[in-house]
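Peer 1: Listed in order, the protein sequences are those of chains A and B.
Take the first sequence: its position 782, counting from 1, is numbered 782 in full-length UniProt numbering, and each next residue is one higher.
Take the second sequence: its position 101, counting from 1, is numbered 101 in full-length UniProt numbering, and each next residue is one higher.
Worth flagging that the hints you see were computed from the coordinates, not collected in a lab.
Treat the hints with care, as some may be off.
Said to hold, decoys possible - Restricting the straight-line Cα-Cα distance to at most 25 Å, the calculated cross-link-like pairs of lysine-lysine (BS3-like) are:
#1 Lys95/A - Lys574/A
#2 Lys3/B - Lys114/B
#3 Lys22/B - Lys717/A
#4 Lys797/A - Lys812/A
#5 Lys441/A - Lys95/A
#6 Lys57/B - Lys717/A
#7 Lys680/A - Lys84/B
#8 Lys75/B - Lys3/B
#9 Lys680/A - Lys90/B
#10 Lys27/B - Lys717/A
#11 Lys812/A - Lys57/B
#12 Lys112/B - Lys835/A
#13 Lys717/A - Lys107/B
#14 Lys809/A - Lys57/B
#15 Lys23/B - Lys84/B
#16 Lys657/A - Lys727/A
Stated by the list, open to error - Here chain A is said to cover these stretches of chain B; the calculated rule only asks that three of the stretch's residues, wherever they fall, bring their Cβ under 8 Å from a Cβ of chain A:
#17 69 to 76
#18 103 to 116
Unchecked claim - Simulated restraints, written as ranges between beta carbons of each label pair:
#19 Gly95/B - Val842/A: 36 to 42 Å
#20 Lys68/B - Gln793/A: 53 to 59 Å
#21 Gln793/A - Glu35/B: 42 to 48 Å
#22 Lys22/B - Gln793/A: 45 to 51 Å
#23 Glu762/A - Pro11/B: 28 to 34 Å
#24 Ser744/A - Gly95/B: 42 to 48 Å
#25 Pro11/B - Leu666/A: 36 to 42 Å
#26 Ser685/A - Lys65/B: 30 to 36 Å
#27 Lys73/B - Arg731/A: 40 to 46 Å
#28 Lys65/B - Phe810/A: 54 to 60 Å
All values derive from a computational prediction rather than experimental measurement.
Even for Gly, the Cβ is constructed at its ideal location relative to N, Cα and C.
Listed here are the chains, written in short residue letters.
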Amino acid sequence: MFSNALIISFTFGYLALLFAIAWFSERSASNGRRLSNHPAIYALTLAVYCTAWTYYGSVGRAATNGLEFLTIYIGPSLIAPLWWIVMRKIIRISKVQRISSIADFISSRYGKNITLGGVVTIVCLLGILPYTSIQIKGIASSFQILQGSGVTETLANLPFYQDTAFYLALGLAFFTVLFGTRNIEATAQHEGMVMAVAFESIFKLIAFLIVGVFVTYFVFDGFTDIFSKAAAEGLNHLFVMQGENSASEWFWMSVLSMMAILFLPRQFQMGVIENTNERHVDTAMWLFPLYLLLINVFVLPIAFGGLVHFPIGNYEADTFVLAFPIAFDQKWLAILVYLGGFSAATGMIIVSTIALSTMVSNNLVMPLLLINDRFQKKYQHRLGLVLIWSRRVAIFLIILAAYLYYKQIAGQFSLVSIGLISFVGIAQFAPAIIGGIYWKKGARTGALVGILAGFSLWFFTLVVPTMVTADYISEKLLNEGLFGFGFLKPQALLGFADLSYISHGLFFSLTINTILYVVISLFSQQTSKEHNQAVIFVDIFRYSESLDTAIVWKGQAYVPDIRALLINFLGVSKTQDALQDFVKHTGKELDDNIFADSELVNYSELLLSGIIGSASARIIVASVVKEEEISMEEVLGILKETRELKSLNDQLEINSKELQIASEKLKSLNESLQINDMLKDEFISTVTHEMRTPITSIRAFSEILLDQDLPEADRAKFLEIIIQETKRMSRLIDQVLDLERFDSGRQELNLENSNVDSLILEVIDSMNHIFQEKGLHFEYNLINSTVLIPMDQDRIKQVLINLLSNASKFAKSNINLKAKKTENHLLISVWDDGKGIPEEEVPYIFDKFFQAKNQTSKKPLGSGLGLAISKKIVEYHHGTIEVRRILDRTCFEFTLPLVQSKMKIIN
Amino acid sequence: MNKILIVDDEPNILLSLEYLFKKEGFKVFIARDGEEALDLISEIEPELVLLDIMMPKVDGYEVCKHIKEQHTKIKVVFLTAKSKQQDIQKGLDLGADLYLTKPFGNKELVSKVKNLLN
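If we strip away everything but chain B, and leave its shape as in the complex, we get (with noise of 0.2 Å):
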């Protein structure tokens, strides 16, 4: 059973995301904001995070960083609002796997995220 952390500072938006990975038979843990995900991470050593960007104390790029410094093979899917040319560069700059815009295709989001972890 694949192990993917969601971050995410919107309640409704983690509450959907975690309902539909659950569905498709992940084990599905959750974080509020970065400093929450930072300390999740080396705890659960996740496959995949999927990661919003603009949050409150550390931000998605910070984490971002961080797993790509410290935990090589941890997947990073940038799912954010944040649909800027210079957003997303930066954001496969920090080594993301993919980036992801909202609002997204459940379906669509969902086979990305397996594509990517087979």
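Excised from the complex, chain A in its bound form (with noise of 0.2 Å):
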């Protein structure tokens, strides 16, 4: 249907797209912008769980065994809700520890044992291989529907260089070592790879929405034609849960896949390693629920138009998806239903790959080679290059090894079943896991016998039978069981034959697993040091504020030691950067003299654990420093005694804050007192110097009058200057009480809506004497406007006249008054001709006295509270006033609101 050219084009097309969106992400988090830290990320890239299985292989399940498929997709969302509890604690642990896989994780927890990581790794590797061979088979054979050429055995027969499938898995071999291995860190977050896995997971889904709606819609006539036409086929059996046992064979599917979700190490290593943020859990647990719920709505639909429409045997079930598009001769359409099949798959293939290349270079190829002391003197500059190659080679092998299996074995089996017997290889880790982090005794020796013979038996009942169906083992074996005993039936042991294979197989080698993993945990003795890790995996949440400095390791080691340790895998740059990282956070000095403290081998440990895996870094670690036996009594007291301690130092930094915060304000407050003080002191002193000067004069003229020759003229005259003195000190103390009631906040203005013309008139009409008095020429313009503006009458009054009686101290011949009114207020000037004020005095002409302490200039009559009090007015009318020089003439300029919004409005 399609030629060879086409179709490789547009997957190498699709490959490309993902290299430049993993290439932006990369560069985009390189500048500080890292798309990857949001909860819509993180849940689309657990949606990494659905891969070609999903895609082609549910379809495929539902054409023969109806709902049953929707078991791996329950499992998961009844578990979501747990995750807040089970998955948010293995995030922390992880992230506290710098644990960089599953095998690391279960390693770590066992007392970072070495044999429990390897074996782990192994059990991943052999469990995980079928299954990324079954992403390559969902690859070529929907790339060989595409070619129309219909039979799916002859593409397997190819030889390999002359197989597309060849050359994608090397393909996607290079885009997983350019954007999986580009730091040494494993624990460091892959921004490039988990934007193209997002953006997979979102394409999948689309396509196969689009492909749904289509068959669904265009096909047929909805979901209503489609059933009963299935019904009328005689299909009415898929429509509901079937057999005597499928109760209980949903409960171990969903159990199956609630384990696969937390453990597969694609899942480990996205929902975990790859994890930016604790709380982005919160958004999966709906968002990735409704993800699987999207991409299962249109199976059904699917499955049986499929078996409705299509003839038996022409296409196989679990390509009934592509299978469409082609009959209707939708062209376009089969392209991007290849795609998505191609995203799911690709998306599976790449995670995994990096997850388990990780495992492999930390957990098997790093001990391997440290336990070999000759080796690691040779190497031990270049450990950090041995462990980047490693990865990067594994990687090619596992992709490599999952395509010969793919040509071997896994051409022969549906894209389902090899996947189910890969989840349950990996329920093998559950006991150790969830054990591990709820309960402290779960010990190594049990940890590993459970996952052995857990393994095991997952092997003998499930791997078996297919090597079998495979021809590598006789057909005697399944029928009459291991050394011809009938009970050790691989698929019916002890006589269990009620159970599908699947479910038979979980349930012999789970229960065994977990029964060993409790026995003899319940019968060892845990190591200290084992012991130290289980109290801090089980008491995570108590222990992870305090754990990078809590010390869980005593002993003695020379600081360049510890250096030249970590030069060797975080090279000079790096070592520099983390160790002044580690002196700035602990205030430690790094004397190349003396011995280190236990708390920098314990963050060099962790260093290095996220680089080369926990059991690695032990041994390094332990190769440098003369280490101590610790018991847990002391453990739990130094982690106690840190807890405390950092508790305490919270509480005394914060105490130590307030006490600062307390002690600023105290002591700006007595600046400001003091400088109150200052200032009423000046106040008095000022006012009690006005205030002799009147007095002066009056006690002098009064005992001049005493005298009893005084000519009359002069007795009149010493009189009245006697009563204008007296008014004098009357105004002034007027005025002092004046300002101190504003000064305190007491003054209350008597707000009315007033007419500014009227107003300004009046007081016009009491300064007309002096101005003439003075042969000053005054004019004046007004608003011209009834307009009511709200003001204290009295008080404005009062300004007015102030400028208006300093304007004709100092005016030689012209004042000016000018009222106007704008959108929001009313602006008054006072203008004069005066000499004017001196600039340097300008800031300070509204301060009380200022007159009388400034000694320079010819004191004119008045108290020198007058435009001090005038600015208090005018404040109090949320208005400002100020001063201004314009081409030779003096202007006083105030403004007032046109509404007055706190005070209350009389009248």
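Need the complex rebuilt from these two chains, each delivered in its own frame; the hints are there to steer you.
Peer 2: Set out below in structure tokens:
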């Protein structure tokens, strides 16, 4: 139907798009914009769970087993709410302990044990390899169908160098190496890979939904049409749970998928290692199940549609998704569907391979190399390089092995059956992990024996039968049992033949695994190291804040040794940064001549754990430090102490901060009090001084008046002076009191809606005689409006009189008053043509007694408080007052708002 | 007849002092600020200057300083509203012969001035 070249160019075009997305995201991240740090992206990456199995296999499964395909999605959806408890705990532990893979997690929990890490890695490799290979099968067979060659077997029989699937596998390996092994730190997030996987999740969902809509609404007339036609074909039995054991089947499948969603290496990689924020789990808890729901909506319609529409034998049910667009000659839809399947398969391959390669390098290669003293000595400066290349090589080997497995065996099995077998293999970690994070007694031997036993049973009950099918083992084993013992038949252990072979295998392997784990743990003694880790894992939320500084190690090491060790893996500059970080956080100096303290050793071990895994890090660190055994009591003591010390420290810090704030407040209060005090002193002394002047005159003239001989004319004149001085004094007293009221905030305005023009005219009336006396020319503008503006009339008059009388004291010949109304304000200015205020005095002109203090200018008559009071009055009205000098004229201008909000307006 | 210069920027105080000392037989000169006082001193060479402190342009301290430097014979009496101890001290340190505060009693002032001149 399509030419090879077209399909291949679309396929590699899609791969190129992935490269571009990964590359742009990494570049964006290096510019500080991490696109992946978003809960939706996190949830989408979890959808790497949906592989070619989901994309093609669900339809196939539904066509034969009906609704049962759903169990694989029901399990994860059911357990999603529990993620808040389980997943978050695993994430927290992994971040604190710098865990790089699931093998590392288990090994770390059980005393950073090498054997356990290695066993888990091997189980993962064996368990996931077939799974990976069926993805390649998915790609290859969809490719083939698109070509229109119809028969599945032909392609698998081609020599590999003519097989497109081989080159696609190489391309994927290349992508994975490029974006999965950039950073030597296995715990570092792979930004580009994460974004590419998130994109794939969207792409496969959209492609599947489109083909679903096509089949349901274009090929058929909606859900009802399909189901009624299917019923007519006698497919009713697929609509409901079926068979005697259906309930238990559903149960076991759901349990199986619950474990898979947590412990599959790719899920662990995406859910835990690549997690950037624990809170993203919140969103994933509902978004991920929603994704599963969406991608499954059209599975049944397509399956039934396929059964109804295609004659038996034309297409495998696994390929119905693609068969529809082809059968209806929808060329572009077919390409889209093919690419959707490709994205589902590649997402799984990429992530799984990265996770597996990390395990291989950190839990197999490194420990094996490090155990060898000679090797360690010879390569100690190139360990970092060895590490990263072992990962790259592992990626190629894993993908090639998967390809070979596909060529040899996987071709003969359905997508779902092999996927489920992988699930059961991975489920063997459940007891060790769940026990490990909730049960402190869970011991290494128990975990190891449990996993080995479970794995063996898995192999026997599930893998061996596939080997029989593939003709590697005689069928006799299936029928007669191991060594001819009837109770050792792989698919009917102890005569249990009722369950499906998957449930059967899961039941036996997991039960034996769990029992061995629990029983052996109960009867074994943990080493102190192992117990330390157990306590940290189980009580992570209690310790996680203090763990960074907690010391679970005791011994001696030289700082230069430690530094050299870090440089081997991190390089000089990163080591420098890391040690500087340490100094900054702990405040400890790193002296080359003294022993490193345990905190530094611990810190270094954590750093190395993130790169080479916890077990290898332990070996490496142990090679330079002289370690002493440390008892659990000591550890707990130290942990507790650290925690208490930390909380005490925190409290102290808070207290001292509060104290500092309080003392600063006190200080500034004190300062402002002092300033106030000073100002008050100054004010009082000025007031007294100003009072003394009239009193002096009054007293002097009063004594003079006592003289009997005083001429009558003088007597009258002196009495007049006394009266004037008395008036001056009472005016001063009034103003001082006024100002004091304004200053203390006790002054209240008597706001009335006032006609501005009539108020100005009143003021002019009272001032006119003064202007005339002094021979001054006076002009004024009114606002010529009857608008009412809220103000305290007496106070505003006081301001106007003050400004006009000041002007009259300084003016040569002219005084002007101008009033103007703007949008929000009334503007009144008073102009005089006097010599003006010296520029340096302008800032102080509104200060109290400025004139009295200022000895350089001729003192005019007045109390020295007029402008200060005017300013207060205007400010009380929420207005402003200022003085300007424009073209040889002095201008005092004040504004009043047209609306007063905060005060009550009378009338 | 004793020549006396009265310096003050308050017209009413100046008026009362002028009246008081004229009545006591002094030859009275008046100045309304420090600058005017400095001009007059060389011209009339009074025996005594009655000096306010807070005045525009040149204050009483400056005037006193000038007198004590250039005209050592002239007596200086501060008559001021500044009554703080440090102000008094400053006045006396500048060489003033007497420091009196406002308000004053007429008789007391006259007798103190007379005492100083005898």
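Peer 1: Which constraints among the numbered hints does this structure fail? Numbers only, ascending.
Peer 2: 6, 12, 15, 16, 17, 25, 26 and 28
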